[in-house]
Amino acid sequence: MRLVYENLDLLVRAFGYTLLFFVVAAVLSLLLGTLVAAMRVGPVAVLRRAGAAYVLLVRNTPLLVVLLFFRFAGPKIGLTFSFVDLDLGQWRINNIFASLVVGLSLYTAAFVCEAIRSGINAVPVGQAEAARAIGLPFGGVMTQVVLPQAVRASVPPLASVQIALLKNTTECGALGVLEAFGRMRSFTNNDPGQRYGIFFVFAAVFVVLVLALSFVANRLERRWKVA
Amino acid sequence: MRFTRTRTMAVTAGLALAMSACGGSAGEPATGAEGAEAPEVEVVENPEFEAGTKMAEIAEAGKITIGVKFDQPGLGFKGAADDVPTGFDVEIAKQIAGQLGIAPEDITWEETISDNREPYLQQGRVDLVLATYSITDERRQVVGQTGPYLVTGQQVLVKADSDITGIADLEGEEVCAASGSTSLENVETEGAVPAPADNYAACVDDVLNDTVPAMSTDGAILLGYAAENEGELKVVGDEFSEERIGVGYSKDAPEMCEFINESLQSSFDNDTWAEAYQFTLGGEGIETPETPTLDDCQA
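So the sequences go chain by chain: A and B.
So for the first sequence, the UniProt record's numbering puts the first residue at 1; every next one is plus one.
So for the second sequence, the UniProt record's numbering puts the first residue at 1; every next one is plus one.
Next comes chain B alone, as it looks inside the complex (with noise of 0.2 Å):
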């Protein structure tokens, strides 16, 4: 009897460890420029939707399921002890929600990678993706997408010690990006060699550690590295590339487009994107950009 006691007291005390040490703190936010506060949420009390549209579903339903990445620091991340993820993404994505009614506790993220986002939207197993969508015809083809939001380019990311200036450098040497990204595309046509890795944080790795001696995608994802390993990576050249970060939704509901269209309108004019943009990407030296111009949506 005693026998069992104590280990019944032994079992408690291991789970009580146990318990405390899962309770550690999440941790401060992994991006935030300094000085710059999280952009306010406005969200509509009972908006009002043409019944039998999907706004009027998803409004109805109070709840909503977004895609984003969970690897892109400043834009879509969310670290291991994270419990939602942060970003420049995310906030856009808070604003849409926002102005269905829904506030920023009631969406839930899903992570989608580059390869699975159309599949997703199909079907049907996440509402919007914002997840450094860049809007191309050929995806136009298969899903819905409006927009941009955010217009970058892709520049390159070595080592601080490097003589590298630019991509027209890298003729012919490896280049990492992440795998099935249009950041890998874009390596190929500028003629350097293709290195695919599973994300951008890998890609880091090898840079730091000689593997390959540069990396490229966007810009903006670029200096939130180069900030995290200061004196060890630098961010050099010009924008090679352009691209048009957009919303995706399903082709499902042509409608959403006009919706997304004036919630973005609204937050471009409220300064919410500008207030989310220093939050998210701003930082020392960097200038806020305009706002860049929303795409027409086709009937």
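The shape of chain A in the complex, shown without the other chains (with noise of 0.2 Å):
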């Protein structure tokens, strides 16, 4: 545990990385998880099949095949996030960072969508018939009526996804950005006497931040339970 310690400035480091690709993906894949739950319950044929086929093929295939396409078959095609290069203080957003980001949102975003989708399906059906009924177009009955009922309902699968989320940042640490999983790894190394104090750190860091998550999510839920 020492050497943790010793080197708080790389652990910082590490689990700032870790939030960076927490926070981005994280709005990343709300955002295009609730475009595609919008498109699968949607009146066009054309777009709810689309959408059903992305959820398809990104839910079925394991994290690790998305991110090892956008970092490594990614380049080869000629598909590089090279524009990406911003520095923030002692963090780096460059390609490889964008490329891993990428595949973090469009993963999550099929079980963004999946999560929204049930809390659609918990709203009423005369609500969205109501809304119809007074003349509102279909992104009028989305976003006025279903979509606000429809995320109270959905904020418990949503929180697990994230959770998910934070910690499928792990396997970035193999792919090329040095965030919590990767330093712990090269602490082990430097310095395997101290394996279990090293492990216990990361791991009790990465149990905060989860309950932290859940502490939101548990207020969100709360305030937004209907009366």
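To be clear, the hints were calculated from the coordinates, so they are not data collected in a lab.
Treat the hints with care, since some could be wrong.
Said to hold, decoys possible - 30 Å max Cα-Cα, derived DSS-like pairs, lysine-lysine:
hint : chain 1 : residue 1 : chain 2 : residue 2
1    : A       : Lys225    : A       : Lys167
2    : A       : Lys76     : B       : Lys54
3    : A       : Lys76     : B       : Lys234
4    : A       : Lys76     : B       : Lys78
5    : B       : Lys63     : B       : Lys78
Using the hints, build the complex out of the two chains.
Pasting the structure below:
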């Protein structure tokens, strides 16, 4: 454990990368997932099928395969993210980071879509019919009536999906960004005698992060509860 | 009845096809410089050791398990179609096993990646580790290490048309190395941004398709990759670290240290060490270095 205290700056930078991955991919996946969910319940058959195909394909592909595709296969076919080059203090947002964020977001979006769709199914059909009856178009029905109710019902599954995303970021540690998991490996390689202590510290920080996430989810659930 | 027979025949034919597909040749050895011959392995008959020592136990059993790396061309490498790994680490391991009266074909090769070398030794899953295992004080608190049998330094591999002339040009730039390796640490110490990869082959890909400007690890390994991709990659700069590559053994058997040192010293003296170097890491324009000086064993 001593090694971790002596290298606190490295620990902070590692978890900084983990959180950056999480925040960017969480926002992107929520946006994309909601869009795909709307496509899947919408009136246009082509979009419905496209949404279903996307979920079927991405949800059944292991995350590592998705990430490997964007990280290694992408550049071979000209799909590079070399236009991304940002410096945020000691954090670098580069092409590798971008390709992994895209992979994480696309993967998580499929699960977000299904969580939201389960919420939409929880909204009584009469709500949508009433909205249509007063002349709202599909966009209005979704944004004004159905989604606000659906999101309430989807908070618990959405929280699970996002917690999974937070832990899934560790796969990036072997693929080019020295985030928490990658840093843990180099710590244990440096000083195998402190293996248990190092593992304990990293596991503990992850537990704290997940607890914080579930706390937020809990609050949202309470606030949005239908009286 | 006839239907059943046809089906049986079809299955048999399919099996035969599948088996012939598996029987493809393992191909040429992945390493081996032109003209160099594999060093001879001296297998001692009925070696004598003090009763109760680990050496006596291994010699009695007639078999040994050695941990090596499978992804480092020239040092420890095993291709998908190979039966046994090849490389300098592997040749040295054969020499040591020979001193225990164990022929190369009786050695069990276990893959040890950087992360699991200490646990494997502690659990007794391997008897020895020769896996580009740099000697460090921290590691010596957990496992036994002796040697070194090779002293190398880290260099930089870049694209052939790159302007980079060494690690100094890469400050603040991404440099790829295997995750959890000493190479990655050294890159960071030199001020570059460490970009971990699963293995060095992945780094080579990254350099080739411009994902990162450079990769870095032991010069010997880089030369192997540069030779594989002639005209596309080059090795630049001076060595900026010193790695002393040694043999790992369990702390429960400290008597192994003297034995390993004697085995290494005899391979230095009878030139099998130099032959192994030429066979695995040598090549045109590469000089065989002086033999390193072994560390003393602490009693």
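In rising order, the numbers of the hints this structure does not comply with:
Those not satisfied come down to hint 2.
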